[in-house]
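Undergrad: Listed here are the chains, written in short residue letters.
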Amino acid sequence: MTGSRLPVGAALVNRVLGGGILGRTPFARLVVFTVAVFVSMTLLVGSDRFLTTANFQSIAFQLPELALLSFAMMLSMLTGGIDLSVVSVANLSSIVAAMTMVHVLRGPAGAGGDAIAIAAGVGAGVCTGLACGLVNGCAVAFVRVPSILVTLGTLQLFTGLALVLTGGQAIIGLPDSFQWLGNGTLLAVPVPLWLCAAGAAVMAVVINRTAFGVEARLVGTNPIAAWFAALPVRSVLVRTYVTTALVSSVTGLLMVSRANSAKADYGSSYLLQSILVVVLAGVDPAGGSARVAGVGLAVFALELLSSGFGMMRLTSFATELAWGAFLLLVMVINSVLERRGK
Amino acid sequence: MTPRSSDRPFLSLTAIGKSFGGVRALDDVSLDVSAGEIHCLAGENGSGKSTLIKVIAGVHRPDRGSIAIAGQPVASLTPISAVRQGVQVIYQDLSLFPNLTVAENLAINSLVEHRRTLVRWRDVRRTAEHALERLRVSIDLDRLVGDLPIAEKQLVAIARALLQDARLIVLDEPTTALTGVEVDALFALVRDLQQRGVAILFVTHKMREMLQAADRFTVLRNGRVVESGPAAEFDEARLTHAMTGRAIGETRFDGRVDASAPPRLRIRDLTGPILRGVTFDVRPGEIVGLTGLLGAGQGELAARVAGLETSGTGEIAVDGAPLPACTVRAAARAGIGYVPEDRLREGLFLDRSIADNANASSLRALTTGLRLLSTRRMRSQADRWIHDLGVKAPSIDAPVRQLSGGNQQRVVLARVLATRPKVLVLNGPTVGVDVGAKEEIHATIRQLAAGGLAVLIVSDDLPELVQSCSRVLVFRHGRVTAELGAAALTGDALQEQLSAAH
Ligand SMILES: Nc1ncnc2c1ncn2[C@@H]1O[C@H](COP(=O)(O)OP(=O)(O)OP(=O)(O)O)[C@@H](O)[C@H]1O
Ligand SMILES: [Mg+2]
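In the order they appear, the protein sequences are chains A and B.
Residue numbers 1 to 342, in this note's numbering, belong to the letters of the first sequence in order.
Residue numbers 1 to 502, in this note's numbering, belong to the letters of the second sequence in order.
Don't take each hint at face value.
In silico negatives: residues of chain A with every beta carbon more than 12 Å from chain B [as the list claims (entries may be wrong)]:
1. S40
2. V45
3. R49
4. T52
5. R106
6. A139
7. R144
8. L149
9. G167
10. N183
11. V205
12. V206
13. S268
14. V279
15. V330
16. S335
Listed next, the stretches of chain B that the computed footprint assigns to chain A, with coverage defined by at least 3 CB atoms under 8 Å from CB atoms of chain A [unchecked claim]:
17. 211-222
18. 321-332
19. 338-347
Everything labelled a hint here was simulated from the structure, so no lab data went into it.
As the structure is a prediction and not an experimental result, all values here were calculated from the model.
Just so it is clear, CB atoms sit at the ideal spot from N, CA and C, and this is done for glycine as well.
In isolation and in its complexed conformation, chain A is listed as follows:
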């Protein structure tokens, strides 16, 4: 069967991408798209400016935050839900962490207490994430409110808490050595990138190689059958939202460290971007699928776009526009190729 029933444009896409091995899987297509973005940005910006170490260093520092939040988003979608509170959990955790650090520094531990302050702050931040995750997870699993509503509510709740705690002000005066987390390098590779790689590896193992991961996939595919099959549906849901919140809170710590301050409304654009990334990666929002490598690649493609646009001195609005257009383009092409496959 050929694409004879498809419109002309679609048939063209078909011709270009369809035959080769690259057109076969969503991941292979994503590779093609990323290469296309890379080539076109290099041509538009000029290779002397785009293909520089500095540019890729800056991408390497930018990318991990969005990537980690997207992993969290992906995990929630694996079970057929969505976690809209990822960014607000990140901010609330980072504010609690920052306040703890500042408090310890001012306290009796005094100037020598950088290490103690950082440990206490990180601990407090992660615990905050854990608590937020429990709230989300229990509401989804036990009260049986759809996750989109639960997390829309907690998005407001956690952001509100963060605003109340800070009065809307940024928290500054963090220990200097804490900046290493977001700005340092280890073996010439930015620390955030290490963190992101570790996150991806853990995510891949959890999803593919643990009973929890497989159960999450099954719950996302058919929750009713999961119940009939005596899967621990509730515990899977609780653990899913706890994990997404933990990943979010670590991302929050990264954000504080990079900015050297904490504020209630940092990174709010990340929420929609992370959904965009996950969909771009080919994850089915209806549940049951996850693609760690795809998410990594999708974030990379988007960062290439935004750094290229930045170098062309286009505003960040233009970047947003390009991202949106990119998503639409990819979805149209995917759906055309999928229909052809039938």
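With chain A held as given, fit chain B with the ligands onto it using these hints.
TA: For chain B with the ligands alone, coordinates are given in the frame of chain A:
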């Protein structure tokens, strides 16, 4: 029965071929269905029946061959053009809209067909009522279809197709969940349609229905037509042989049950929405059948044992230990395995692989150190059950959605058996399974029983009950009104009890 077949067939398929990837589902299939004819399409699981039906419905486009409807060749058939030409299909997976009410589901076709923009709800209700009346059933029109038991879903799907002025009605295993009374009503209706010149093509694995209703048989094996001819030329043995390529002997439960052994499953005074104080024991090695009219309590009993139904009183104990809680997980932990009635909704993860499905209920037992899953053990467990139950599939990595209905049913069974249960509750274990495979599944169940398993089978398939069970309990209004065992257990005796229960 006097078929008023005209000379020119209403539907004519010539040399149809269809492959999915490497799987050749249909190969050079030709088939004619005349007006006023009841044509039965028979064949083993995976022989291509549903695929052929989807070709007729315009869902699948054949790779080769041609289709003619009412004498006119049809170049390319789509689901909409098929409906416009008077073809109505009741699919094996029903394809109803679970989020709409019964009334809305029934009316949707005429709404679409007349291209109304505004819905007149009074008309919708009237059409729906009328459709159900013709089937002589009453179902609450305002219930969501997703909440209905499978039997009522089937009735809604049938009623919806009958509503249209169809010239060909195709039924793909329409009766799997229906009890005798409803099946009789359906076939009475089908004959009525036949008298009015409607062509009927139907698929069923129940031998009795085939022989009772069909004017003509076409038998598929591995995607090819192996035999075709008027019903008079066929009897059970010949049909079975044509389908499977071998003769299948009737076997009966022959295990001996040790009456002095302590009961594996003890049921005491179960009372619930329908049940009224049901008490009985099942010993290791025993296969107990539960039957009755729709809603007489046998289904509720199975649901209670499996932990699905939580309201009610009474005690359920496995090996003397009462279940600590009324939940699915507590029942599973106590060693109760349940094969649900509605495999698509309750039994399967359609988009996941056969291996994931088979392992779903026993994942925790497949982890190694560090609590990671062992890929090797996952594969070997899946392989083993898939092999033991004879699932026909290209590989255990194929999504279950691609399997034929009967093979899907075996995957559900594999998942439950992989948990190594002590008590097995089977709600329609061979629904949609072909004759040969039925025999194999029964043999597997008997073998498991011989190993000390206690088995409960909820079924309306009387021959199946007679064949497999050591005794059968007949339910009526929530009570057990008869118990047939050993020599007393015959099809006629069961039939008599069921009619008495009416
Ligand atoms: N969408 C699909 N993709 C791949 N293979 C398919 C698909 N649909 C059907 N098949 C394969 O085609 C063959 C015929 O399947 P079909 O569903 O027509 O069988 P059937 O005769 O209806 O069986 P049953 O009695 O079990 O319902 C099977 O081997 C099945 O695995
Ligand atoms: Mg079928």
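Undergrad: Which of the listed hints are broken here?
TA: Violated hints: 11, 12, 17; rest satisfied.
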